[in-house]
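Chemist: Put together the whole structure using the sequences plus the hints.
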Amino acid sequence: MKKTAFILVALFLILTLTLCGCKEEPKRGVGVDVDIDLSEDEAAIEYEGEYTKELAGTTINVFNWGEYIPDGTEGSLDINKEFTKLTGIKVNYTTYESNEAMYSKLKGGGVSYDIIIPSDYMIDRMKKENMLQPINTASLSNYKYIDKRYKNLYFDEQNSYSVPYCVGMVGLIYNTSVVKERPTSWGVMWDEKYKDNILNFNNPRDAFAVSQLLLGYNLNSSDRSQWDAAAEKLKEQKSILQSYVMDEIYQKMEDGEAAIAPYYAGDFLLMQENNPDLDFVYPKEGVNIFVDSICIPKSSKNYKAAMMYINFLLEPEIALEVAEYVMYASPHTHVMNNDDYTLKGNEYLYPNEENYPKVQYFKDIDESIRSYYERLWEDVKLY
Amino acid sequence: MNNAKIKNPKPKNYNPIICTPYTVWSIIFIIVPLFMVAYYAFTDKTGAFTFDNIAELPRYAKTFGISLVYSVEATIICLIIAYPLAYFMSNMKAGPKRMLSMLIMLPMWMNFLIRTYSWITILARTGIINTLLEKIGIGPLKLINTPGAIILGMVYNFLPYMVLPIYTAMLKLDHSLLEAADDLGASPFMRLRKVILPLSMPGVISGITMVFVPCVSTFYISQKLGGGKTMLIGDVIEMQFQSAYNYNLGAAISLILMVLILISLAVMNHFADKDDEEGGLIV
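Quick mapping for you: the protein sequence lines, in order, are chains A and B. Numbering-wise, the working numbering puts 18 at position 16 of the first sequence, and it's gapless, one number per residue. Numbering-wise, the working numbering puts 53 at position 37 of the second sequence, and it's gapless, one number per residue.
Among the hints, erroneous ones may be present.
[To be verified] With a straight-line Cα cutoff of 30 Å, these simulated DSSO-like cross-link-like pairs (lysine-lysine) come out: (1) A:Lys130 to A:Lys303; (2) A:Lys365 to B:Lys158; (3) B:Lys188 to A:Lys240; (4) B:Lys78 to A:Lys237; (5) A:Lys240 to B:Lys113; (6) B:Lys245 to A:Lys235; (7) A:Lys235 to B:Lys113; (8) B:Lys78 to A:Lys365; (9) B:Lys245 to A:Lys237; (10) A:Lys240 to B:Lys245; (11) A:Lys83 to A:Lys235; (12) B:Lys61 to A:Lys107; (13) B:Lys151 to A:Lys92; (14) A:Lys195 to A:Lys153; (15) A:Lys195 to B:Lys158; (16) B:Lys61 to A:Lys195; (17) A:Lys109 to B:Lys61; (18) B:Lys158 to A:Lys197; (19) A:Lys306 to A:Lys235; (20) B:Lys78 to A:Lys197; (21) A:Lys130 to B:Lys61; (22) B:Lys245 to A:Lys195; (23) A:Lys286 to A:Lys182; (24) B:Lys78 to A:Lys235; (25) A:Lys92 to A:Lys109; (26) A:Lys286 to B:Lys245; (27) A:Lys129 to B:Lys61; (28) B:Lys61 to A:Lys300; (29) A:Lys182 to B:Lys245; (30) A:Lys182 to A:Lys150; (31) A:Lys182 to B:Lys158; (32) A:Lys182 to B:Lys151; (33) B:Lys151 to A:Lys237; (34) A:Lys197 to B:Lys61.
It is worth saying that the hints were derived from the structure and are not from the lab.
Modeler: Okay, here's the thing in structure tokens:
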């Protein structure tokens, strides 16, 4: 009995292995075809900047958010491969999950990155802590494409440390089959009518932001009583809240499991593809905006190649690929006005002047306030 | 599982060299981390000695309570399901026996996180159960994001750890003792109470430990099936390390949790030991 079972298992393993082997072969064949396609594509792209092979053979270490650059999947262009083809510079690409994770890795030392793409408040902090190298934007031939709306922002008033990459705003996603009237206020997240249909962020900063916006507070307030009030508001919401979520929001909104949730416009577009009942609104009280920008950390050992990489990311064709893939708003004027851009003028990503919401940035917050709201968040979550 | 009858802790061929790999392993990955937990628990962010972290703990008393209650409930449910199952399994013929133990182990081959995650799709309002219920005119019922869902998740994930030790203990049961009980006129119930139950006790104790300890410290199940609204003590610890970056407080809570677990195990072993010299197999 045992022996037969063993033989069966062994047979099964051998079979699967050989089958895998069989599948592997034709794949390689397909790979060759794709390569040919790519080279044809490449011929079609005209680059505006000057790219030389003088640094060929060197490597740059790029540290970016997960799924934040076209990598050749889903018919996109493999940006890093293109860059290597063009300049001979090898791209060593790694990813992180949060600004904080990236920060602690750099702060810990012992690592060297040439390119990072943090968000606004993190750039502010890293700049203050002298962790970034200046970028002479005048020497980047493609910098002229950056929309003036995203220049001279609070975290880099002189545009001397960062180059905007992607922009996003938090809004309210709602299911039109449940929420019949288009909501205009964050207050709908406290509406008893939608009990057990509401989701909220499962991290303190974003969850507090919703409540602070509703109360008309500054997101970066140093007034503890305002944080207290925001926490009270969250506690009040808890009885009608379905759950605190982060990534599960996709599944829950797409399946109709929940009907109201705050999230980013770019992610909403993805969810809407799977559930056309979903709609999105920027509440009147204002919203949280983020700008993720490209920076060069102090630890960079290949500054010149990093600058070349930044200029490459700003190439109109490349920036278009990025905008199509990432689905967040692009700060690149040439992309915004490009007729080939499938999201051109998208009302959610690029609201026009009259619909443009009041925006507030997260700023690097004082440590004592941070531990204060972390504690309040614990209170909210505990009972 | 198989540690029931170790009467002689140092066998004759005991050889320290053979044990070296594991000794080194346990020093690096068990003893040292334990000291680190203790160190963090009694220091502040600057590394100075303090009792502040311990003093914070009453704040989490209620959460400790909820965790204990849920874990005890889950453990009892596991025991009620597992004990009869293990008994019948041990009396089965070889074929079905192997089949059944395979079925019990099979889910353990799949990752714990994925198994828990799949319960979301089963329990959700638009999930499998509610879709079926709606077809016959009931519901939708609120199944997910409830304490019940959390306990269900615990029972589902840890049930094999209850079945297997009891089953092993039952297998070792000497059948001549059962026959003797029958011969001497014991009723089936009496036989169960006086013979089977005491003899299978080591398995039960071991099963309870293996279910209770992971239940009381779990955090993933409560987050996914409880909607993040019911925090268990594991969630609080996870939060200190993952988002609040307060390692010291996290370590202090872990330390107290460990002490509480040790105390409850000691209490349990004490009762189990009373009339059974073969107990005392844990800790």
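Chemist: Each hint needs a verdict: does it hold in this structure or not?
Modeler: Hint-by-hint comparison with the structure:
Straight-line distance between C-alpha atoms of A:Lys130 and A:Lys303 comes to about 21 Å, which keeps the hinted pair within the 30 Å bound. As the CA atoms of A:Lys365 and B:Lys158 are separated by approximately 39 Å, the hinted pair breaks the 30 Å bound. A C-alpha spacing of about 52 Å is found between B:Lys188 and A:Lys240, which places the hinted pair above 30 Å, so the restraint is violated. Of the supplied pair hints, the one linking B:Lys78 and A:Lys237 holds, its CA atoms being roughly 17 Å apart against a limit of 30 Å.
As the CA atoms of A:Lys240 and B:Lys113 are separated by approximately 48 Å, the hinted pair breaks the 30 Å bound. Note on B:Lys245 and A:Lys235: the hinted pairing holds, with a Cα-Cα distance of about 15 Å set against a maximum of 30 Å. Note on A:Lys235 and B:Lys113: the hinted pairing is violated, with a Cα-Cα distance of about 57 Å set against a maximum of 30 Å. For the hint linking B:Lys78 to A:Lys365, the alpha-carbon distance of about 35 Å lies beyond 30 Å, and the restraint is violated.
With a CA separation close to 11 Å, the supplied pair B:Lys245 and A:Lys237 stays within the 30 Å bound. For the hint pairing A:Lys240 with B:Lys245, the CA-to-CA distance comes to about 8 Å; that is within 30 Å, so the pair holds. This hinted pair does not check out: A:Lys83 and A:Lys235 have alpha carbons roughly 49 Å apart, beyond 30 Å. The hinted pair formed by B:Lys61 and A:Lys107 meets the criterion: a straight-line CA distance of about 19 Å does not exceed 30 Å.
Distance check on the hinted pair: B:Lys151 and A:Lys92 sit about 58 Å apart at the alpha-carbon level, beyond 30 Å; violated. In summary, the hint linking A:Lys195 to A:Lys153 is not supported, as the alpha carbons are separated by about 43 Å, beyond the 30 Å threshold. At most 30 Å may separate the alpha-carbon atoms for a hinted pair to count; A:Lys195 and B:Lys158 meet this at roughly 16 Å. A threshold of 30 Å between alpha carbons decides the hint, and for B:Lys61 with A:Lys195 the separation of about 45 Å lies outside it, so the pair is violated.
Only pairs whose Cα atoms come within 30 Å are accepted, and A:Lys109 paired with B:Lys61 is accepted, the gap being roughly 17 Å. Distance restraint check for B:Lys158 and A:Lys197: the Cα-Cα separation of roughly 12 Å lies within the 30 Å cut-off, and the hinted pair is therefore satisfied. Note on A:Lys306 and A:Lys235: the hinted pairing is violated, with a Cα-Cα distance of about 50 Å set against a maximum of 30 Å. Under the criterion of a C-alpha separation no larger than 30 Å, the hint pairing B:Lys78 with A:Lys197 is consistent with the structure, at around 26 Å.
In summary, the hint linking A:Lys130 to B:Lys61 is supported, as the alpha carbons are separated by about 22 Å, within the 30 Å threshold. At most 30 Å may separate the alpha-carbon atoms for a hinted pair to count; B:Lys245 and A:Lys195 meet this at roughly 19 Å. Taking the CA atoms of A:Lys286 and A:Lys182, the gap is near 18 Å; set against the 30 Å cutoff, the hint holds. Between B:Lys78 and A:Lys235, the direct Cα distance comes to roughly 22 Å. Compliance with the 30 Å bound is thereby established for this hinted pair.
Taking the CA atoms of A:Lys92 and A:Lys109, the gap is about 25 Å. The hint holds against a cut of 30 Å. Restraint check: the Cα-Cα separation between A:Lys286 and B:Lys245 comes to about 28 Å, which is no more than 30 Å; the hinted pair holds. Note on A:Lys129 and B:Lys61: the hinted pairing holds, with a Cα-Cα distance of about 24 Å set against a maximum of 30 Å. With a CA separation close to 27 Å, the supplied pair B:Lys61 and A:Lys300 stays within the 30 Å bound.
Between A:Lys182 and B:Lys245, the direct Cα distance comes to roughly 27 Å. Compliance with the 30 Å bound is thereby established for this hinted pair. At roughly 38 Å between alpha-carbon atoms, A:Lys182 and A:Lys150 are farther apart than 30 Å, so this suggested pair is violated. A C-alpha spacing of about 23 Å is found between A:Lys182 and B:Lys158, which places the hinted pair at or below 30 Å, so the restraint holds. Annotation: proposed proximity of A:Lys182 to B:Lys151 holds, straight-line Cα distance about 25 Å (limit 30 Å).
Taking the CA atoms of B:Lys151 and A:Lys237, the gap is about 36 Å. The hint is violated against a cut of 30 Å. Proximity of A:Lys197 to B:Lys61 is assessed by CA-CA distance (about 41 Å); at most 30 Å being required, the pair is judged violated.
The structure does not agree with the numbered hints 2, 3, 5, 7, 8, 11, 13, 14, 16, 19, 30, 33, 34 stated previously, though it agrees with the rest.
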